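Just so you know, the sequences run in chain order A and B.
Count the first sequence with numbering that gives the first Met the number 0 and you get residues 0 to 320, in order.
Count the second sequence with numbering that gives the first Met the number 0 and you get residues 0 to 316, in order.
Take the hints with a grain of salt, since some may be wrong.
Pairwise CB distance ranges (calculated) [unchecked claim]:
| # | chain 1 | residue 1 | chain 2 | residue 2 | range |
| --- | --- | --- | --- | --- | --- |
| 1 | B | H129 | A | E23 | 33 to 41 Å |
| 2 | B | T134 | A | S117 | 23 to 31 Å |
| 3 | B | K16 | A | G198 | 33 to 41 Å |
| 4 | B | K103 | A | I201 | 31 to 39 Å |
| 5 | A | K232 | B | A75 | 54 to 62 Å |
| 6 | B | K238 | A | N202 | 29 to 37 Å |
None of these hints come from the bench; they were simulated from the model.
The model shown is predicted, which means the values in this text are computed figures rather than measured ones.
Glycine residues also receive a C-beta, built at the ideal position from the N, C-alpha and C atoms.
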Amino acid sequence: MPQKMKWKKQGKIFDPTTFKLFNEYHEFAQSPQALVFDDFVRIYFSVRKKDLSGKYLSHIAFIDMDKQFNKIINNSSQTVIELGRPGCFDEHGIFPMNVVRDKNKIISYTCGWSRRISVPVETSIGLAVSRDNGLTFGKSGDGPILTASLYEPFLVGDPFVTIFNGNYFMWYIYGTRWIQPAGNESPERVYKIGCATSGDGINWQKKNRQVIPDKLNADECQALPSVIKLGTKYFMVFCYRQAIDFRTNKANAYRLGLAYSEDLNHWVRDDRNLGIDVSENGWDSDMMCYPNIFECDGRIYLLYNGNEFGRYGFGLALLEN
Amino acid sequence: MFKWKKLGRIFNPSDVKGISWLTEFAQAPCVLVFDNFVRIYFSGRPPRENNGNYVSYTGYVDINRKNLFEILNVSAKPIMELGGKGAFDEFGIYPTSVIRNEDKIFAYYGGWTRCESVPFDVAIGCAVSHDDGKTFTKLGNGPVLSYTIDEPFILSGPKIRRFNNRWYLWYIAGKKWLTAETRMEPVYKIRMASSDNGIDWTKMNHELIESKLEENECQASPDVFYYKNKYHMFFCYRKSLNYRGKEGGYRIGYASSDNMLNWTRDDTRAGIDISDTGWDSEMVAYPHVFELDNEIYMLYLGNQVGKHGFGIARLMT
């Protein structure tokens with residue numbers, strides 16, 4: 000049994016409502032994901048802007064921070080990755096984007112959004128490659144590399160890829176059902192964490208099973224898996240919530256969960272040992288979501304969003320044990 | 000050179016009364032031969048919804064094997080229900096292609112969903128029948144063949160075949176959406192995949208048939224059969240825009256291959272074209288070729304892509 004983790008919250012480190020990003024993005028900075036360089040840490044995240052119809056489009060932006068996470072020393076000044084053409088899986092947004100070093104390349108796995116009629120959206124996972132050290136990314140093609148299949152019928156998204164001993168592992172989410180609430184309310188989705196493996200990062204084999212058991216109930220929504228190896232064990236941090244009434248009801252909102260594994264295949268859920276939860280008050284007092292666990296100069300950090308799914312930015316915590 | 004003798008229209012959905020799933024259209028016919036009758040699967044539509052959109056269902060008509068113009072039965076219900084909320088096949092099951100596999104029958108079908116920026120998207124589903132093809136149960140709630148890096152949308156028009164114990168699926172894949180005057184119009188091309196079990200598929204990942212009319216030519220219904228030591232494909236093709244009338248509408252094309260991978264297109268050998276007058280005077284589309292009692296037949300759609308049913312032609316030898 001692993002010991003309980005002890006996190007020291009560093010507070011909110013980025014607020015999109017006060018920082019001037021290119022293209023006048025000033026709402027939301029969701030799903031922060033770190034890429035460590037020699038002298039700085041680049042943090043990619045999704046910003047939002049309304050289109051002519053009044054609906055949001057998510058785009059990717061980044062900031063570069065010094066390695067003490069005290070200062071923003073640079074930020075994206077151009078489009079990091081284009082949204083898709085009409086009819087493509089990522090036409091209406093990319094959120095989130097997971098960036099991975101693969102030998103001497105920087106590649107990214109995107110969650111692309113496209114709008115539907117009977118339900119709000121469908122998502123699939125795309126692949127893009129950077130040729131300029133992570134400033135911009137070019138897609139491998141118009142279509143996705145991982146999408147709906149027989150037993151994962153929709154909402155394949157939230158990719159997180161790591162490479163262990165030359166083998167690619169992807170944890171991601173897939174939808175299991177759409178719930179139609181009473182009245183005219185928009186349908187709500189239920190999704191679970193799945194896993195796929197690959198020898199080249201392009202062609203993937205799904206395991207076709209839920210890898211993290213439910214804690215709340217069968218309709219628990221699990222999102223944004225993030226995996227790291229600490230010692231001899233693998234640890235996954237993710238977020239989970241109730242399927243209904245989760246936006247403004249603190250009791251049903253996103254919390255962070257933890258699982259550990261010896262073999263990357265069987266996972267034991269162990270939320271009690273995560274050792275971080277919502278604050279008494281402040282920017283992360285109602286929810287915590289979209290975690291990204293990473294190592295920088297021998298320290299383990301956790302990026303995450305707080306209230307309102309990251310409308311007011313993201314924060315950082317440092318593992319103390 | 001093939002030469003087909005048109006025998007006439009054998010099914011007109013307007014002649015059928017009192018079947019709720021079928022008031023218009025009889026599209027993409029596909030046969031399953033029984034001892035005494037021939038079951039022809041096709042897709043039909045109930046009246047338009049209030050929002051002006053159609054849904055499609057697949058059902059069948061049974062015809063007398065000894066007299067192909069005698070209708071024995073029309074399925075009272077579709078062979079399977081549409082998908083649930085948010086599923087890829089929530090708004091239509093069309094076209095459908097069936098094949099026997101031991102004592103079961105497998106169906107591959109295009110499942111339709113509705114989108115915001117473009118009108119629709121399609122992916123290919125799979126279902127199995129244990130009652131001689133009367134009803135089918137989906138293998139899962141999702142598609143069996145879906146979008147990949149260079150097949151980004153509209154995977155449709157499946158045609159399932161088995162040669163030398165390997166499964167082959169010919170289908171179409173969308174390439175781009177064009178912005179037309181009143182709506183977006185898709186461009187799609189013929190492709191194929193193969194499989195050992197009918198469930199796990201390997202895509203060839205390239206277009207099989209060169210375009211003839213224009214770069215944006217739309218190709219559909221790639222129907223392959225083996226005959227005289229060669230693989231033959233009949234398909235249909237049309238212009239990408241203004242295709243609803245005679246001028247730009249569907250015609251039947253032809254290609255042949257020794258290995259199923261490399262195809263030589265030669266439409267002059269198709270041997271079937273529109274008629275001067277009548278139900279197939281503006282287009283001929285969605286060919287399906289099959290052998291029955293030592294004859295080779297082709298089922299095909301006529302004007303308005305099957306709004307008025309399908310006809311049959313016999314290969315002249």
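If you test the structure against every hint from before, which numbers come out violated?
1, 3
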